[in-house]
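Peer 1: Given the structure of chain P, go ahead and fit chain F onto it with the hints provided.
2 protein chains.
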Amino acid sequence: MEQELDTVGARMPMLDAAAKVKGAAQFTDDLILPGMLYGKILRSPLPHARILHIDTSKAERLPGVKGVMTGKDIPDRKYGIVPKAKDEYALAREKVRFIGDEVAAVCAVEPEIAEEALEQIQVEYEELPAVFDPLEAIKEGAPVIHDNVSRNISASIRKEFGDVEKGFKESDFIFEDAFYTQPVNHAPLEPHAALAQYDPLKGELTIWSCTQIPFFLRRNLSTTLLVPESKIRVIKPKVGGGFGQKIDLYAKDFCACWFAMRLGRPVKFLYEREEVFVATRQRHPVHLRVKTGLKKDGTIVAQQFWAHADGGAYNSTAPLMITLLGYFLMIPYRVPNLLYEGHHVYTNKPVGGAMRGHGVPQARFAVERQLDMIADRIGMDPAEIRIKNSMHAGESHPAKFIVNTCGFSDTVKKAAEAIGWREKRGKLPFGRGVGLAGGAFPSGVSNMSHISSGAVVQWGRDGAVNVLTGAADIGQGAETVIAQIVAEELGVPLEDVRVTAADTGITPLDPGTFGSGVTVRAGNAARMAALSVKKKLFEFVAEKLEVKPADLVAKEKRIYVKDSPDEGIALSDALKAYQYADLPMPIVGRGSWMAPTTEPTTLLREDGNFAPNYSFMTQAAEVDVDPLTGKVKVLKMVTAHDCGKAINPMLVEGQLEGSVVGGMGQALYEEVVMEKGQVMNPSFLDYGMPTTREMPEIETIEVETDDPLGPFGAKESGEGTQVSPAPAIANAIYDAIGIDFAELPITPEKILDALKGKADNQK
Amino acid sequence: MEQELDTVGARMPMLDAAAKVKGAAQFTDDLILPGMLYGKILRSPLPHARILHIDTSKAERLPGVKGVMTGKDIPDRKYGIVPKAKDEYALAREKVRFIGDEVAAVCAVEPEIAEEALEQIQVEYEELPAVFDPLEAIKEGAPVIHDNVSRNISASIRKEFGDVEKGFKESDFIFEDAFYTQPVNHAPLEPHAALAQYDPLKGELTIWSCTQIPFFLRRNLSTTLLVPESKIRVIKPKVGGGFGQKIDLYAKDFCACWFAMRLGRPVKFLYEREEVFVATRQRHPVHLRVKTGLKKDGTIVAQQFWAHADGGAYNSTAPLMITLLGYFLMIPYRVPNLLYEGHHVYTNKPVGGAMRGHGVPQARFAVERQLDMIADRIGMDPAEIRIKNSMHAGESHPAKFIVNTCGFSDTVKKAAEAIGWREKRGKLPFGRGVGLAGGAFPSGVSNMSHISSGAVVQWGRDGAVNVLTGAADIGQGAETVIAQIVAEELGVPLEDVRVTAADTGITPLDPGTFGSGVTVRAGNAARMAALSVKKKLFEFVAEKLEVKPADLVAKEKRIYVKDSPDEGIALSDALKAYQYADLPMPIVGRGSWMAPTTEPTTLLREDGNFAPNYSFMTQAAEVDVDPLTGKVKVLKMVTAHDCGKAINPMLVEGQLEGSVVGGMGQALYEEVVMEKGQVMNPSFLDYGMPTTREMPEIETIEVETDDPLGPFGAKESGEGTQVSPAPAIANAIYDAIGIDFAELPITPEKILDALKGKADNQK
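Same order as they appear, the protein sequences are chains P and F. Residue numbers for the first sequence follow the working numbering, beginning at 1 and rising by one. Residue numbers for the second sequence follow the working numbering, beginning at 1 and rising by one.
Pulled out of the complex, with its shape left as it was, chain P reads as follows (with noise of 0.2 Å):
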């Protein structure tokens, strides 16, 4: 990178910071229409049962109820976020399947009359045998959830790399180990919400709602409603918060768009937090089994993987989940060898779904636990043995991966330092250890449906411009890093840049908030459209100044040569000279981008690359625990990041520390307990994520590479980090107290019956 940057790398407040923390920003249930009716929805109170009979018709009475509907009224097509594993419907057509499923929708004058209505509603079922154990879900005779699914097994993938047979047989140890994690919920602060309405005589259906993903959510509204998507506009508002729970059609969505329709009121729906803890989505819980063999000097030489994810009533992006969890065992570490078994289960409980990491923290706290595990079964530093298996940029690779950068072994040597590694590792009084952990995590994951991310640069007379994105800002600062990238390419300051994103009916199109892509695919575009309307006037100007276009730059609201910096032309005389030679209007210029990369499905069949770049981290973590009474607390955590180039580090920092205490939640305290399907805890209250008073000292690390597919270098920095957090703080434990937990989280209870059973076995 020759260019000297002003704004890209530049420590920036997000664009809407201000607007949100004085309570101005609008979110999708801050939106009024006039007239607009409020949407409850009625749900399942068993687990597994066949609808029988639905009486509306007392609830229809019901003054003030305006809309009622049911499984029977809307058409038979079910969406899912995977095009091939489809198995749902906004509302239950003939079974419920999970204490939760979507039974009938109301809507009313006031929302409190929508309540009353839904306790009007007679729903007659025949209940069914329920199964809550995938162990249990996969056996033969086991309930069957959905027809046609044998053994409920709704996804699977098995794929072998190398020859893990004779991987195994060169090996000096093998290892197997068998371990879980616990379903958490994504829990963002703002609850899912959609409002929508209908214009008859346009044929025309807009929907404001809390998505990640604009464009997909117009393509499942138009398959399901039987709607062509030109006439269907999508526009995010301001979105607290989505974490990849807000990926999926909801039903919601789906009924706030139908009673529009059929009503010609606009019409909202707002979840209560109890039913984004039951009927959202949640991290998959996974049973895992790991073995691994290797040479004395702690050489990885082969792998095999064993996985059960617990995918609850639905699929939601279960194909997905189960390719990327098995092949994110590819990295960071060379794996030369590896064959992984994975398998997506129905059962009668919650819906699995994407969530920061997406199916890699799982596999992770497997591998990263079983590495400590090892090291120390074989005497050898846990860093170590990290740094002598550390992948490098540029080497083949089993998987097609093509990893141009990788900062991988500086991650783990910065986060150890910063740690205290050398002098705290195993050298700590009882009670007190530090431990971490590796990761790395694809980055700007494209190639979705082959829907590319576009982006359109305005620039106006007064320098002004306005970059039209379709990309979905949910709280991360996609906006703010877009017009850093467009203000740098064209020279001007940050605050003459303004973003107009994420309206289906008038941003190009975008896949949307996933797979940490956003500033890699949506920023490349906005600098590919910049570029473009920098061409247009460099063009122009070069020929006024009788210079070559390539001699120019953009800077300061200034155009020059490069090499006599007095020769050049002020931003606004080059703009309005432009002007007048060209049309009175703004400059435009089209950027579009995709990744040169494999759809993540397709890995399913075949090998291939399926990201333009990998991110790369070490988190350590130093912790106390408390004998007497179980509770850790997490000192100090430490997250060192290969995120490329940051574009923004003040947004790096703010994803790196989410990043963290999302993973320290699922390492110590967050868990949906459920009894027989039936969710224990949905609320705040109950369920423990982490506050201010957990949170640790975290020391961010950015480590920089110059990725040549990332925008001035960029990659992910928004879901690698959540991936290690808990394996680091498990192995911090271990070096506290000389217990392997192989199960999160690792709860005051389960610490106290391990020192315990310790204590029992050393009598």
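Please note that the accuracy of each hint is not assured.
Note that the list lumps identical chains together, so a pair holds whenever it fits in one copy or between two copies.
[Claimed, not checked] With a straight-line Cα cutoff of 25 Å, these simulated PhoX-like cross-link-like pairs (lysine-lysine) come out:
1. LYS763 <-> LYS548
2. LYS20 <-> LYS66
3. LYS66 <-> LYS22
4. LYS557 <-> LYS202
5. LYS202 <-> LYS555
6. LYS548 <-> LYS169
7. LYS202 <-> LYS20
8. LYS555 <-> LYS636
9. LYS22 <-> LYS202
10. LYS557 <-> LYS400
11. LYS84 <-> LYS238
12. LYS84 <-> LYS548
13. LYS413 <-> LYS295
14. LYS139 <-> LYS676
15. LYS166 <-> LYS296
16. LYS296 <-> LYS58
17. LYS84 <-> LYS95
18. LYS562 <-> LYS20
Because the hints were derived from the structure by calculation, they are not lab data.
Peer 2: Same frame as chain P, now just chain F:
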């Protein structure tokens, strides 16, 4: 027009008709933002006074009050419509000049609290002598309303075309008559509102305002708030009528922004109906005198014209208004020699501004009434004298107008025929009569401060078209007309076109809605943008089909060879192929249009053609006058209008009918009644707008011409018709009862008085 048209020329309901009928359309007051405050304005109870002291302390202490501002708080920057005639502050700084003048503003958490706070503000005034009659105001020694404006004349024009003295010498007859037109209010159904929000981090102000001219509002806010234009975003929600009253910046706009910037919370102002009447704008009352010289055969040789417009306390559009009033004496009749003298006079009354017709209805009333009086005096048929003096297309013009199309004499003939002129004029029993009056209006007046109309057309792969336009639809159907023009050019159905309009943050520059210009200005721009994308696609398709681009047509979602329709390609295939060859993004085209004309205010100094084309029209009325009650019932109105090509005849009829009713109100019912500057009837109950009960049969006759400068030949239809219903009705009243009324409105009282006077004279 060789082209066979599908969408242009079709009768189609407005795109937003259903939303409006169902109450789902969002007007400014429908918008609600989190944490929103409510503003109210304290107005002067005196017509003319010096502000000695304002004590806001009690108001500030009222719980719930968040802000109080007075004229002392704001920058010393005046605003106004015409750059050199700015004379107004958002809040009065030293003096108040009319009852209703803005003195202070408050905002509070509830509108009722803001209202209460107004009562707590104590203002100490020194009352000054006031003047209410413009003919008094221009006398030496009259109270001075604005410093440095001698005799209260704020704008004057005196222009001579030809040689008037010589003209009168050559005349066989010379007549001189005086007339008066009353103040009327636009009375849009939607009262004025504004909602502003400020983002302190971006330094960006967003204002939703019921404005006709978003880009000029942005400019006026910029110069008065001292915030750069690029930091102000003006968004026009649905607007419930403007008629010229929503052109000016008002205190509600300024104060909403000012509070929002200082308090960091959104602030909404909504005017009461009384404020709309008292403190926005009204049609200027004008004292007029006309002296006309004619040949024996009725040919007009010379005309002299004096006008004193009562402007009230401020200028608003003053120089423009007196220019229009005068220049439109030059059409639709040939007037080879004309001397015009016009003055805009300050008085201590509510402010005059642009209103449908903008100065022309006043002049037309005088001229068209006098023409009938002259016809009677010289024994000629009123229709004949109009046809004889009608101008014709292509004639050279004393004021340098370029009139490419003119259907005026046709409109006289058709209107006369439709009202039954031959059978009825002078032949109906006492109390029944018919009358007619001609008119003309500029179409697409442009060039205001050199702001052009721009449009961007995006043509997506699914055939859906997105048009970005700055044009402000205020209820007239601008967006529908623009969509029709684009749909026609691209050969797609109207429902495939989405219009995104009037948001200075994302849509291209546009001067706004005034001067009957939107169809011509924004329509031409949109057509050019459509042609630009069509050109790109045609070049691409022509290469594939091995034909010339000029041989292709786009129609019914196909592109094919004009003379061999089977040789073609589905539009969707063409767009798809184009995207594969180009970028996976919509094709983007830009269009920009500015009339090749002279800026209207320039006409104060020099002659010129100020409109790309001109509409012509004749109104005919049949009335029944009850001699016992003096009540006039309009039985039928005919409006024959040369609007070029009617892009959407249904919308044209709506405009014509609305104009007829507006003119009828001015003829018979409406008047803002004032006593010493105090408006006595500021409510819909007391102000006599015609309702359905007064509606006559209306026959609209579209006299289509094909104008070379209008899109598809279109000219204006939104204002011109309103210039002559009043004289047509007055002329019919003369035919009915033989009395010449020279003052508006012609109320039952005036009729009874006149009938009594006539009877007394005959005694």
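Peer 1: Could you run down the list of hints and mark each one as holding or not?
Peer 2: Now the hints, each set against the structure:
In this assembly of identical chains, LYS763 and LYS548 lie within 25 Å of each other by CA distance neither inside one copy nor across copies; the values are 84 Å within and 96 Å between. Within a single copy, LYS20 and LYS66 get their C-alpha atoms only as close as 34 Å, which misses the 25 Å cut-off; across copies the closest is 20 Å, which meets it. In the homo-oligomer, the alpha carbons of LYS66 and LYS22 lie at most 25 Å apart only across protomers (15 Å), although the nearest pairing inside one protomer, at 36 Å, exceeds that limit. For the homomeric pair LYS557 and LYS202, the shortest alpha-carbon distance between copies (18 Å) is at most 25 Å, but the shortest distance inside one copy (44 Å) is not.
Proximity of LYS202 and LYS555 under a CA criterion of 25 Å is satisfied inter-copy only: 20 Å between copies versus 46 Å inside one chain copy. For a Cα distance limit of 25 Å, the shortest separation of LYS548 from LYS169 qualifies neither inside one copy, at 64 Å, nor across copies, at 71 Å. With identical chains, the CA atoms of LYS202 and LYS20 are at most 25 Å apart between copies only, with a shortest distance of 12 Å across copies and 34 Å within one. Within a single copy, LYS555 and LYS636 get their C-alpha atoms no closer than 41 Å, and across copies no closer than 68 Å, so neither meets the 25 Å cut-off.
Taking CA atoms no more than 25 Å apart as the test, LYS22 paired with LYS202 passes between copies only; the shortest distance there is 13 Å, against 37 Å inside one copy. Proximity of LYS557 and LYS400 under a CA criterion of 25 Å is satisfied in neither setting, with 44 Å inside one chain copy and 44 Å between copies. For the identical chains of this complex, LYS84 and LYS238 are neighbours neither inside a copy (31 Å) nor across copies (43 Å), given an alpha-carbon limit of 25 Å. In the homo-oligomer, the alpha carbons of LYS84 and LYS548 never lie at most 25 Å apart, since the shortest distance is 52 Å inside one protomer and 44 Å across protomers.
In this assembly of identical chains, LYS413 and LYS295 lie within 25 Å of each other by CA distance solely inside one copy; the values are 22 Å within and 105 Å between copies. Only within a single protomer do LYS139 and LYS676 lie at most 25 Å apart by alpha-carbon distance; the minimum there is 18 Å, versus 94 Å between protomers. Taking the closest pair of Cα atoms, LYS166 and LYS296 come within 25 Å of each other only inside a single copy of the chain (17 Å); across copies the shortest separation is 119 Å, beyond that limit. Within a single copy, LYS296 and LYS58 get their C-alpha atoms no closer than 74 Å, and across copies no closer than 85 Å, so neither meets the 25 Å cut-off.
In this homomeric assembly, LYS84 and LYS95 come within 25 Å of each other (Cα to Cα) only inside a single copy, at 21 Å, whereas the closest approach across copies is 74 Å. When the C-alpha separation of LYS562 and LYS20 is checked against a cutoff of 25 Å, the pair qualifies neither within a copy, at 40 Å, nor between copies, at 56 Å.
In this structure, the earlier hints numbered 1, 6, 8, 10, 11, 12, 16 and 18 are contradicted, and the remaining ones agree with it.
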